[in-house]
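On the provided structure of chain A, position chain B as indicated by the hints.
Protein chains in written order, with full-length UniProt numbering: chain A, 1 to 235; chain B, 1 to 235.
Incorrect hints may have been included.
Repeated chains share a single entry, so a pair holds when one copy, or any two copies, can fit it.
The calculated SDA-like cross-link candidates involving lysine to any residue, where the alpha carbons are at most 25 Å apart (straight line), are [stated by the list, open to error]: (1) Lys126 - Asn87; (2) Lys44 - Arg216; (3) Lys86 - Asn120; (4) Lys145 - Leu203; (5) Lys208 - Asn150; (6) Lys171 - Leu233; (7) Lys133 - Glu168; (8) Lys126 - Ile88; (9) Lys73 - Lys171; (10) Lys161 - Leu203; (11) Lys44 - Thr214; (12) Lys44 - Ile127; (13) Lys133 - Ile88; (14) Lys133 - Leu143; (15) Lys73 - Glu170.
Because the hints were derived from the structure by calculation, they are not lab data.
Protein chains: 2
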Amino acid sequence: MQLFYTPDITPSQSHCQLSEEESKHAIRVLRMVAGDALQLIDGKGGFYEAVVQDPHPKRTLLQITAQQQEYQKRNHYLHIAIAPTKNIERTEWFLEKATEIGIDEITLIICQRSERKEANIERLNKIITSAIKQSVKAYHPVLNKALAFNQFVNTKFEGQKFIAHCEEGEKFNLRDVLQPRGKSLILIGPEGDFSPTEIDRALQNGYKAITLGTSRLRTETAALEACFEVNFLNR
Amino acid sequence: MQLFYTPDITPSQSHCQLSEEESKHAIRVLRMVAGDALQLIDGKGGFYEAVVQDPHPKRTLLQITAQQQEYQKRNHYLHIAIAPTKNIERTEWFLEKATEIGIDEITLIICQRSERKEANIERLNKIITSAIKQSVKAYHPVLNKALAFNQFVNTKFEGQKFIAHCEEGEKFNLRDVLQPRGKSLILIGPEGDFSPTEIDRALQNGYKAITLGTSRLRTETAALEACFEVNFLNR
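This is chain A alone, in the form it adopts within the complex (with noise of 0.2 Å):
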């Protein structure tokens, strides 16, 4: 069944209308006529059932029938700050794999050793469009333009917070802190890691230091390992 993103949708609607680019992609590429069905999520929560009326190649309209509100909502709040890495890619293919696993907001935060001290969000946020299609989800995870860590850091939470880092020092592990069913927030850094002095304000601005295990992980990798923990010990 073919799914559409229509991020302008709302519950009391009988008809939508495709975007420009959505209704090139279902009436040019896909062929779809009056009639077909199809599948909507609003990236809200919402997850609608359709079918073609005008098979418009601009301006497609779709008939609803029938919707289904907080579509496999997630019984927990999960927010990742993570430094983009030096390759993009790397953090693309993160937003993707997390986006599948389960995620609900992430910020990029630029740390004293970051090498890369931008990012285009707007492509970026594509990425987990396609992954939330790609993966049914009726949530699109939320990502926010890029801020300092020290700006970051002092930005209130309402939900544990951790900071995963290699330096030394106590550690926990997040099967014995995490708060199943509550809001996380964990904060990882850039190849190279946080510095002491951001492991520090972390600390004295309320965060957990935490580790991910043995092993040395790359950035996107030690994100992703934060993010399946999470998950796997809220299921």
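Just chain B now, kept in the frame of chain A:
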């Protein structure tokens, strides 16, 4: 510290010669000189410290100064048999990430619904080698050549055998059935999943069906999720 992969070294050696390629890298690229320290892994659990004795650009001679066998030996054995993805880059990503997280053996299996029927094992092995160097692992995961599913599923394996599939039927969670510190083998199907015939054949051959959660995962994500779970449950 620079790390080199020297699969031919044996514990009794006091000296070791780098391959032509590694010599070139050490002397021409890294500009190492006599007396410079470096580290070696042999892929069989040996971790060595050494210094450059003769910085020859084709046959660099090293003196071994310290060694450790069974370096970070894993406490369990994990074999994943995965259908290579249509886009081979996705399989490459899996191999890199699984090596970082922890895996012992990988077999590529060609299934009824596999779109890809072959893969360049040499190239894939290079990716694994690069990943063990990156994550300082002294054991090199073994990558077997591609086998037909029907042939592979009849192969003897002394340990627990699992098949992860998306069809209906009784399925277990690894956390409930995996015996820690043991040997396990997990089958991961192609895009489009295993066929019902393949699933039946696996079940008849002593494989247990498992679920990797409620998310719809791509082939390489499912394989990585399995790898994460087994390592996490053995931590």
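Evaluated hints:
For a Cα distance limit of 25 Å, the shortest separation of Lys126 from Asn87 qualifies both inside one copy, at 18 Å, and across copies, at 19 Å. In this assembly of identical chains, Lys44 and Arg216 lie within 25 Å of each other by CA distance solely across copies; the values are 18 Å between and 36 Å within a copy. Taking identical chains as interchangeable, the C-alpha atoms of Lys86 and Asn120 lie at most 25 Å apart only when both belong to the same chain, with a minimum of 13 Å there against 28 Å between chains. In this homomeric assembly, Lys145 and Leu203 come within 25 Å of each other (Cα to Cα) only inside a single copy, at 24 Å, whereas the closest approach across copies is 48 Å.
Taking identical chains as interchangeable, the C-alpha atoms of Lys208 and Asn150 lie at most 25 Å apart only when both belong to the same chain, with a minimum of 16 Å there against 49 Å between chains. In this assembly of identical chains, the alpha carbons of Lys171 and Leu233 lie at most 25 Å apart whether taken from the same copy (18 Å) or from different copies (19 Å). Within a single copy, Lys133 and Glu168 get their C-alpha atoms only as close as 41 Å, which misses the 25 Å cut-off; across copies the closest is 22 Å, which meets it. For the homomeric pair Lys126 and Ile88, the shortest alpha-carbon distances inside one copy (14 Å) and between copies (22 Å) are both at most 25 Å.
Taking identical chains as interchangeable, the C-alpha atoms of Lys73 and Lys171 lie at most 25 Å apart only when they sit on different chains, with a minimum of 22 Å there against 31 Å within one chain. Taking identical chains as interchangeable, the C-alpha atoms of Lys161 and Leu203 lie at most 25 Å apart only when both belong to the same chain, with a minimum of 9 Å there against 43 Å between chains. In this homomeric assembly, Lys44 and Thr214 come within 25 Å of each other (Cα to Cα) only across copies, at 19 Å, whereas the closest approach inside a single copy is 37 Å. Taking identical chains as interchangeable, the C-alpha atoms of Lys44 and Ile127 lie at most 25 Å apart only when both belong to the same chain, with a minimum of 17 Å there against 39 Å between chains.
When the C-alpha separation of Lys133 and Ile88 is checked against a cutoff of 25 Å, the pair qualifies both within a copy, at 22 Å, and between copies, at 21 Å. In this assembly of identical chains, the alpha carbons of Lys133 and Leu143 lie at most 25 Å apart only when taken from the same copy (16 Å versus 32 Å across copies). When the C-alpha separation of Lys73 and Glu170 is checked against a cutoff of 25 Å, the pair qualifies only between copies, where the shortest distance is 24 Å, while the shortest distance within a copy is 35 Å.
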